[in-house]
Amino acid sequence: MTELRLHRELYAGTAVDAAVKVYARFAAFELVEEASHWIVRVSSKNAARETQVARELANYALGTTIRERGGVQ
Amino acid sequence: MTVDLRSLVGIGAKLDTSFPAFFRHRRIGEKVLITNYEGNWLLLSDEEFGRFARGDVPTGTPLHTLLRDANFIRAEYDVQKAITRVRARKSFLHLGPNLHILVVTLRCNETCVYCHASRANMEAVHTDMSKETAERSIDFILRSTSPSVTIEFQGGEPLVNFEVVKHTIAYAIQKNESIGKQLEFTMVSNLSLMDEEKLGFLLQHKVQICTSIDGPEHLHDKQRKLPGFSSHKAATKWIARINEAYAEMGLDPTLYHVEALLTTTKETLPRWKEVVDTYVGLGCKALFLRPIDPFGFVEKTGARIEYPRSEYMEFYQQATDYMLELNKQGVQILERYAAIFLTKILAGEDPNFLDIRSPGGAGIGQLAYNYDGKIFTCDEGRMLHETGDDTFLLGDVRTSSYREITGHATVRALVIASQRDSQPDCIDCTYNPYCGVAPVHSHKALGSIWGSMRLSSLCAVHKGIQDYLFGKLAAADPATLSVLQRWTTVRSRDHFVQSGMTSA
Amino acid sequence: MTTPLEGIPAELVTAELGAGSVHLRVDSQLYPLGAIYAAAYVFLDRCFVLLDRPDERNIRVTLAPKKAGADETILRTFVGEFSNELLSAAWRRQIAQDNRAVIEMVTSQAISAAMGPPSLDDLASFDFGDESFEDPLGIAMSWEEKYKKKDKPDADGTPDPEGKP
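Residue numbers (numbering that gives the first Met the number 0), protein chains in the order written: chain A, 0 to 72; chain B, 0 to 503; chain C, 0 to 164.
Next comes chain A alone, as it looks inside the complex (with noise of 0.2 angstroms):
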């Protein structure tokens, strides 16, 4: 199992739920909430797999949040 910890300052509640939903069919996953983190446990039978998709969920997740909020503040 992989866990990514993923700051609710720096990635969007929203963009972190599109992205498991991208990627729901390719493993396995468990969301938590922490009060600084939003959690995502990924779990597959591959262990290379289930890295791949750890890591490419997160970008999803970064690339959605900043899509969300960019812009000149």
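Just so you know, these hints were derived from the structure itself, not from any lab. We put the beta carbon where it would ideally sit given N, CA and C, even for glycine. There are no misleading hints in this set.
Here's a subset of chain C near chain A, in silico, CB distances under 10 angstroms, partners left out: (1) Tyr36; (2) Leu50; (3) Arg52; (4) Lys65.
Please arrange chains B and C on chain A, whose structure you already have, making use of the hints.
Coordinates of chains B and C only, in the frame set by chain A:
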């Protein structure tokens, strides 16, 4: 090029930030160039600059008068004067797209080592624009908010699809009768397929003809292959014939003649004198020392034909110095880049050269129409499409409305990205009032429409040319200054205007 | 195990050579979050990028090149490129803020001049539906619509076609 402020101001002395109005500065030889927001400029000695920066400029002194008149003194800053200057420099903002590039075919009978048009072989008739697509393109073009439009036929080689060219011109003239735009046509052609019949039509319909000449015959033919023939001989034959035809029509040959474009490759660089002599010999009055661009075939041939921009600048200086000397001997030949920048620097006006203005012209000053009706922000955007990159595709003449195209998100992004006031490096650059960035060039060469001017070959060229020109202004040789001033003179070529107002 | 990269302060950058990744400590007082996002976004195609906030002031950026086999040299290159991109993004953001008014003004002028006013075809396809805008004073209503009396039916139930206001 950086100015050591401490040594100029005096080590230990304080800068007086309340005295100068906003300015930028740059070393030019022994002088310091200062420019302000509205594009006024002064070349100061080190001593003068030091006093300016310290605020040590008593009222009534010659330096004070100089600074005040050029609007560099904060307490006496003439806002209205500045507004008038800025308005003149930004006059193009009130106009919509005036240059419309119609790519009537990708077929071409020549193969050029640097071709950025992604030309197709002569059998590729599917890359010919149809009459119907041409008509839809004209319908679209005449909706432009600009009161004047120039329709530029390009390819491939536009003479390959001459029937559509003729049809398009006739259709545009007829449609414009009820619209009343100031309409002009130009054609960029290698001239090898020209004949008297085609020429007759083009002359009758007042189409300005432009071609490419890469310099002396051996260089031109090596870089622009026309199977079985000399592309140079073909082009020069028709340059002479067209110029003769203009003279027969009673047109002033100093104003009406075929203009040619140069593409500078590695082989061109040592041949600067031959290039200038070739252009002068052909009766050309302008030479545009264009460096190579990153589009099209250059991706494959770059190793052979590309070069560091420092070498290009050496070529540019040698060629332009030679042109200046020729001018002093009474030969009329100007360098186009220099003329563009000098018009901004000396005349305070913008000649509306779409790649050197802020914001740039992509999407708001020009549009490009591919043979299949697709619309792009500019010809470079269209070239990228031909190599699989659709970033600058806006729509289609058959399905898109005019406002959809000009209000497209891509156009808006390019407008923002091409503003010097939003660009690192440009924001602090002394040449900010005169320069321009090209987001499509940055996209291709540097990976984003913003790019990084530190890495931009285009920025290097623009800075280099302006350094050269201000060096000449600083040297202040009267004969040279007179030539440079003459290069800012724009004489309108009213003969090519089809209808509507003629230019003043 | 994390190791420093040669020539780069260890308190700013450490590498996990076995994992093929590198961690950068970015001071969020020097580099606003918007700039960190802008720089991170540029690398999403080439790297796996993870952000975290170890403390209130700093953000940790982890870069793991997607291409396997990233050694110390490659990681140094990514650190250098990211740092340059971060600085560029921060400065660009500052410039945009400082010059926002003129950028917006020029952009508006350029686009509005190029677009011109809407044509009748444009207006015909415009959505004037209920949610388009609020009209508390009924300005967008026609006079007839606003003041028309309800039609009184005739004795046989047919509304008066000459219904008066």
